[in-house]
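Guided by the hints, dock chain G onto chain D, whose structure is given.
If you're matching them up, the sequences are chains D and G in order. The opening position of the first sequence corresponds to residue 652 in the working numbering, with each subsequent residue numbered one higher. The opening position of the second sequence corresponds to residue 6 in the working numbering, with each subsequent residue numbered one higher.
Hints were generated in silico from the structure; no laboratory data involved. Among the clues, some could well be false.
[Claimed, not checked] Among the chain G residues that face chain D by a calculated CB cut under 8 angstroms, a handful are:
id, residue
1, R84
2, P96
3, N102
4, S106
5, C108
[To be verified] Stretch by stretch, here's where chain G covers chain D in the computed footprint (C-beta under 8 angstroms, at least three residues):
id, region
6, 806–816
7, 822–836
8, 850–863
By construction, the Cβ of each residue, glycine as well, lies at the ideal position given by its N, Cα and C atoms.
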Amino acid sequence: MTAESTPRAARAQWLDVWTRAVIVPAWRRAAAVWVGTAIVAAVIFGPSAMRASDLTGLALHHAGVGGALAVTWLLVFVPTARLLVRAEGAAYLRTLPGPTLAPIVLAAAALVALQLPWVALWVVGEGLLGLGVVGVVTLAILALASFRPPQLRAKWPGWRHDGEALRAIHVRALRRRAGDALVRGAGLSVLAGVAAGLFVRNNQLAGLDAAVVGASVIAIVLVPAEVGVLLVILTTHRTTAWLAMSLGTSRVTRIVAVVYAIALVQLAATVIAIAAAYVVTGDLRTIAWLGGTSLVVALASAMGCARVLLAAEDSPTIAARTVVGSIVVAALAVLCLGLFGEVGIGAFVATSALALFTTPVATPERA
Amino acid sequence: MSMLEIERLSVRRGGRTVIDNIALSVEPGEIVGVVGKNGCGKTTLLACVAGVLTPRDGRVVIAGASVWGSRSERQRARRSLGYVPEGADPPGFLLGNELWSLCAAARGATPPSQALRDALGLDELRDTALERMSLGQRRRACLGAAFVGPPKLLVLDEPDNGLDAKRLDAIVGLLKAHAADGGATILASHDAALLDQLGARIHAMRDPSPTIQSED
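Next up, chain G with everything else stripped away, as it sits in the complex:
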């Protein structure tokens, strides 16, 4: 069974077709890198996979459960994923440990392990409000939240934004370990070197307007 199955996905935003009839599958242990120029729909695709954005048409299935299916299916699908949006913008008043505790409570998991906290340097962010963190720190806090569980599928929108070299190496290590444990990752990035380091399968997106295009 695929970890992620996207079928005939179409999305319109602001009167424009952003994604048109996309199909994509991600297998357990696989890392898929979504690439393409600005505005081609990478962020929209990942938001649809994470269940934050409703597609106009098509299906997104995570670990056998449809993201837009029945109530129990929806819940099962979403509890199988960890999402970091492009903006990494949870409520600014939350402290780091409160964000991780929320994700742990929702997934029925324990707070981040010591290994995860060490890899991402989460302990120094524990008592800091997200609004007081730098972009890189906020990204680390959100990555920590995404890894809590850990979920079967990671959906990461430009996870490398604002990270220093040390933390970037840590992310590569964590994602490879996650894949080795049978987890899957779909991430959007402009960093070809990072995707190469991860050994990611590349899914190139093209701007679907004005003509209708199909991918994969």
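Chain D on its own, in the form it takes in the complex:
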């Protein structure tokens, strides 16, 4: 290596590490968004439904629809943008000599490129005008991703027993560790509701039929929304293990705390989805059916997902098992609902409960 090429090689190496620290994690997070939007797009833009220009045209001419669409995308994409804008993964790299302009250009390019589904929708739908919309929304994303809320003084918790304390700790973990995943999940929940509502409306379904189909759509679309959150819940379960064991907290209490945290997320996501579905269908009776069914499915899914997490507790491939497990739980829900209708709801609840209650009893680290 010559003396002249050394600085260039060093800069390239710096940029390579920076890319792996910033762009790659952002890409991984965006991938979940792409999967969610792909599922929704398949439902909305299926052969019997809308085209891109129908949706973008509606958004441009109806402030409510446009606002809802933009807010949904902000919710979905801001967590990914935060990784690029704040670049906290590269904090150490900034203490080393390296290029200054290249990372900014790369981050800006990634900020647009990782919005591919959004960019594609607007460019296909509106051409150059669509690019303008993408630009304006990207500026809003940039502003939101740069914003850091002030820290408030915490209250002294008044927990009465260890079960209550553990449940509260899981909620705190969700707030502090899964904030981005929750925001993204809220966006995907809106999409899930919109997709379910359109599916029900376009196929002119009502009553139990609408509930079964709508709840199935919601269960599928929520899978990418819940995976990030599930991993945070599992990490909390694992890191509190020694504390709980030395405090005499029973395993049942710990499992209840895990189910509680997952159920909280599932129910919240489902409520958002139901509200979005109501906006699309405007039919209260259908939404009542859909709401009841979806909430029961959400509770049962929470039990199924808890079983998935507890089974993966000591696995080295924990993330992959969580993803696959969540898909299996959603697939089981769809199968039960699709094959057996209202009886299937009961079958799914019973299967999930049985799966949870037969979770193998793990002992502390074996000596």
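Leaving out everything else, chain G in the frame of chain D:
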């Protein structure tokens, strides 16, 4: 009745016998210092006493209740102890006051007293996340959690790590006061001066592999 009774304790980890057939008892009002070279099993012994690690064989009894006995015994034993592991690593997102509140809730006790908070300087750590604390601060937060109650038996793995001289004196005072009130302590430390200050009975551990050894 002994505060801690360890009988024929054996532990294997990673295919190696870490602890082999250890027996040890700690009486009320007593402080026992576990010493030995790195890797001799001090941390493993304390993790077994705290119920975090399952032994291969033997019994650990705290205040008459077996750590690995029936469900109610297990719970009684563990609620009689306060544990600070070597890493002092509760979930990093927890604030100081949340850690102490969890321990208080589990033991049916009140949060740390003003005297304990003053001795360990806990008030300044109240609203700080554990992941943002220095090693010494995290150790103080965990010691505060261990003292909540206070439990009958303290199990402390290198409690002096990262502590400044002022807090070290405070720990000595707290442990002596705990012993004077009839509590017992078992702690691992490399600091002979600290153990001397505490008037601790020394339990020396030897590496049990490759030959089988018995202690005490």
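Outcome, coverage hint (the region 850–863 of chain D, chain G; C-beta under 8 angstroms; three residues): It is violated, with 0 qualifying residues against the three required.
8 angstroms C-beta criterion, at least three residues: is the region 822–836 of chain D covered by chain G: holds (count 4)
Given R84/G as an interface hint, is the shortest Cβ-Cβ distance to chain D below 8 angstroms? Result: holds, 5 angstroms to nearest chain D Cβ.
Hint check: 8 angstroms Cβ-Cβ cutoff, N102/G to chain D: holds (5 angstroms)
Three or more residues of the region 806–816 of chain D near chain G by CB distance under 8 angstroms? holds (count 9)
So, C108/G near chain D? Judge it on the closest CB pair being under 8 angstroms. At about 6 angstroms, which falls below the 8 angstroms cut-off, the nearest Cβ of chain D leaves the hint on C108/G intact, so it holds.
Close enough to count: is the Cβ of S106/G nearer than 8 angstroms to one in chain D? OK, holds: S106/G within 8 angstroms of chain D, min 4 angstroms.
Hint check: is the beta carbon of P96/G less than 8 angstroms from a beta carbon of chain D? Where the cut-off is 8 angstroms and the nearest Cβ of chain D is about 4 angstroms from P96/G, the hint holds.
When each numbered hint is compared with the structure, a violation occurs for hint 8 only.
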